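If you read the sequences in order, they're chains L and Z.
In terms of this note's numbering, the first sequence opens at residue 1 and continues consecutively.
In terms of this note's numbering, the second sequence opens at residue 1001 and continues consecutively.
Keep in mind that the hints were calculated from the coordinates and are not lab data.
Every value quoted in this text rests on a predicted model; they were computed, and no experiment measured them.
Honestly, I wouldn't trust all of these hints.
[What the hints assert, rightly or not] Derived contacts from chain Z toward chain L, CB cut-off under 10 Å, selection only:
#1 1044
#2 1047
#3 1294
#4 1322
#5 1325
[Said to hold, decoys possible] With a straight-line cut-off of 27 Å between C-alpha atoms, the simulated DSS-like cross-links for lysine-lysine are:
#6 Z:1222 / Z:1368
#7 L:45 / Z:1309
#8 L:253 / Z:1080
#9 Z:1290 / L:45
#10 Z:1085 / L:287
#11 L:85 / Z:1322
#12 Z:1286 / Z:1222
#13 L:274 / L:50
#14 L:287 / Z:1080
#15 Z:1080 / L:255
#16 L:274 / Z:1080
#17 L:50 / Z:1309
#18 L:253 / L:287
#19 L:85 / Z:1290
#20 Z:1288 / L:50
#21 Z:1309 / Z:1288
#22 Z:1080 / L:251
#23 Z:1120 / L:253
#24 Z:1286 / L:45
#25 Z:1085 / Z:1309
#26 L:45 / Z:1288
#27 Z:1085 / L:274
#28 Z:1322 / L:287
#29 Z:1322 / L:50
#30 Z:1288 / L:85
#31 L:253 / Z:1085
#32 Z:1322 / L:45
#33 Z:1120 / L:287
#34 L:255 / Z:1120
Using N, Cα and C, we set each Cβ at its ideal position, and we do this for glycine too.
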Amino acid sequence: MIGTIKGLTNNQLEDIGCQIILGNTYHLALRPGADLIDELGGLHKLMNWKRALLTDSGGFQMVSLLHLADITEKGVTFQSPVDGKRMLLTPEESIQIQNKIGADIIMALDDVVKTTTIGPRVEEAMYRTLRWIDRCLAAHQKPAVQNLFGIVQGGLDPVLRDICLRGLVERNLPGYAIGGLSGGEDKDSFWRVVAQCTAALPEDKPRYVMGVGYPLDIVVCSALGADMYDCVYPTRTARFGTALIPEGVLKLKHKVMASDERPIDPTCSCMVCKNYTRAYIHCLVTKDAMGSQLLSYHNLSYMMRLSRDLHTSIVEGRFPQFVQGFLRAQFPKGDVPKWVCNAMEVAGIDISACCAPLTSSQN
Amino acid sequence: MALRFEVVGRFNRARAARLTLPHFVCQTPLFMPVGTQGTIKGLTNNQLEDIGCQIILGNTYHLALRPGADLIDELGGLHKLMNWKRALLTDSGGFQMVSLLHLADITEKGVTFQSPVDGKRMLLTPEESIQIQNKIGADIIMALDDVVKTTTIGPRVEEAMYRTLRWIDRCLAAHQKPAVQNLFGIVQGGLDPVLRDICLRGLVERNLPGYAIGGLSGGEDKDSFWRVVAQCTAALPEDKPRYVMGVGYPLDIVVCSALGADMYDCVYPTRTARFGTALIPEGVLKLKHKVMASDERPIDPTCSCMVCKNYTRAYIHCLVTKDAMGSQLLSYHNLSYMMRLSRDLHTSIVEGRFPQFVQGFLRAQFPKGDVPKWVCNAMEVAGIDISACCAPLTSSQN
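Kindly produce the complete structure, drawing on both the sequences and the hints.
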């Protein structure tokens, strides 16, 4: 929110291995405000965060949080939650605010629609996104120190996605995001859009799948050629008492946890797993914010460990083995979802050893 | 007895000591943060150790409710459950019952109250309190006392004092682990020196490992407060720790230490953090104030805690009221401040410069020399010359 991850200090985030953290432009612009951040030397200085920052455009929050938001060619009009006035967030304004915040990576203001939307709105949004990227580029005052990423839109329609991809690639941006996903679409459509985009985006630029997500999704998207991810899931699920583990999830609120003296994950070397038992965290969850905090710490450690494992297994030439191990842990009975099997086929990774023989339910 | 208390320095009534407990060797004077259910708001064990916390308090009432004494016992005690490597102290459960549960009723048997879990009538007896505390396993456990508000007058105060003496015997009889847990008695008697004296004698007779001065920090005027502390510290044995419950403000801790007290607990540093207030040598700093929005200094330039080394007032101002992180960073700093105060008290006494420390402390808090009269009176009794810190008498100070 204001540059903090729920309850974790900078030192802890560094211990966990976080390299880039996201700030929400919408929230930052409200409080403390872009001008104040600028006066104080930018968000890095204000927070004293020594690693990288990425800010989004502010557009998504407006559309998802403000039911009175309205999108026109000018920008996103909305009712200010501070004083009720009509406000307008234009591509120019979004970039100006992000220039003041000073993050390493800034996102273009895009016209994003829910993936479940059908009809002409999807096409309109895609073309508008292309028109807005030019306005963003024109407004961007600090290309030497801030990387403006474009966002590929187009819903679930490969033709629209293709037009958007070409348009953005033409503009030779420092990096590209795949947007408009993780909004309720079926998994089969999800991976196919990611695969199409990674196939069309330049090899030598980073690819960021916005709003992803579940560890399984990250493994699949990485197999298909994506590089960067963001999601509230690990910290949000922590607040519901859920820990991420190789087998999937562990629900710390469950009664059986009350006397379980093991760490959340015996294979995890994070501060929480090295110091606290499931029994203790069980006591805390729902009764003390400390429970959520420790789970957030562990869950982020899990995600950063996953990131490192993906990177290292690829570098060391054992990526398929890593994927197989990951799937075996999550699906010990071999019931790997079909969409994963299909995606891995396209990714050229043999996971047949992880999948149980076909049964009629999997056809 | 499961502790050793060695005085390693003195100035008049003030003492610096080494308190050896089963889980940790502590230095007094010592502030103990309150951890309610075994956690201090948002701080990990590592952070508490970095801050220098030596003993933390658990509230028996809350722990007995959740997760429950038997479960804690099965899991090997609270130290093991929390993985806290230093010392723990639990209170008796009585205070929460009286202060939190308006349907609580005190009889000779114990404290009857309505369980907040299921509404049933429950009874906390001295025996039960000690049993629960035995299960929790803290280094120091507190006797169940009959505590009345300091503002109470009339026969209730005397009744409570005598009952406290009768209950200490029941606590002692029920205590199963005297070799590893130290049962402290609590001196009651309100603001009445006669009653306090009776209670003091009664408790000293029982030769307990340590003594608490209870029933204060409840709204009494400061003049009565320090006088009760002074009377108790004068009468309690030299070679046992003295714990003033519910104290408190840094100024109160300095005064009580000058008068010969050793240990303190209070929710104030963490509670005030949640209101956006930081403790600094000059007094308090209100981070919510508009002027903080562009103040790029650390909370306290003289403080070397993680928060002051990493974050500015401007940043914390952004956070307070809008993000729990604000309170958390302020709690971290405030506890660091309290532990630094504890260390400074200990070290200045050991190094023979306690009066100078007190003078420096008062000068920072009262730069105009307007040291409150009660502090002047208490320091006189403590034999510490603070005349250099006090502005010349004005009519308002008479």
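Going down the list of hints, with the structure as the test:
1. 1044: At 7 Å from the nearest chain L Cβ, residue 1044 of chain Z passes the 10 Å test, so the hint holds.
2. 1047: Holds - the Cβ of residue 1047 of chain Z comes within 10 Å of chain L, reaching about 8 Å at its closest.
3. 1294: 7 Å, holds
4. 1322: 6 Å, holds
5. 1325: Holds: closest Cβ of chain L sits about 4 Å from residue 1325 of chain Z, inside 10 Å.
6. Z:1222 / Z:1368: OK: residue 1222 of chain Z and residue 1368 of chain Z at ~21 Å, within 27 Å.
7. L:45 / Z:1309: 13 Å, holds
8. L:253 / Z:1080: 20 Å, holds
9. Z:1290 / L:45: 20 Å, holds
10. Z:1085 / L:287: 23 Å, holds
11. L:85 / Z:1322: Roughly 22 Å between the alpha carbons, so the hint for residue 85 of chain L and residue 1322 of chain Z holds.
12. Z:1286 / Z:1222: 24 Å, holds
13. L:274 / L:50: Satisfied, since the Cα-Cα distance of roughly 26 Å is no more than 27 Å.
14. L:287 / Z:1080: Between residue 287 of chain L and residue 1080 of chain Z the Cα gap is close to 20 Å, so the pair holds against 27 Å.
15. Z:1080 / L:255: 20 Å, holds
16. L:274 / Z:1080: 13 Å, holds
17. L:50 / Z:1309: 14 Å, holds
18. L:253 / L:287: With a Cα-Cα distance of about 10 Å, the restraint between residue 253 of chain L and residue 287 of chain L holds, given a limit of 27 Å.
19. L:85 / Z:1290: 23 Å, holds
20. Z:1288 / L:50: 26 Å, holds
21. Z:1309 / Z:1288: 20 Å, holds
22. Z:1080 / L:251: 22 Å, holds
23. Z:1120 / L:253: 25 Å, holds
24. Z:1286 / L:45: 22 Å, holds
25. Z:1085 / Z:1309: 26 Å, holds
26. L:45 / Z:1288: Holds, because 20 Å separates the two Cα atoms, which is no more than 27 Å.
27. Z:1085 / L:274: Holds. Residue 1085 of chain Z to residue 274 of chain L sits at ~14 Å (cutoff 27 Å).
28. Z:1322 / L:287: 21 Å, holds
29. Z:1322 / L:50: 23 Å, holds
30. Z:1288 / L:85: 25 Å, holds
31. L:253 / Z:1085: 26 Å, holds
32. Z:1322 / L:45: 20 Å, holds
33. Z:1120 / L:287: 21 Å, holds
34. L:255 / Z:1120: This hinted pair holds, its Cα atoms lying about 23 Å apart.
The structure shown violates none of the earlier numbered hints.
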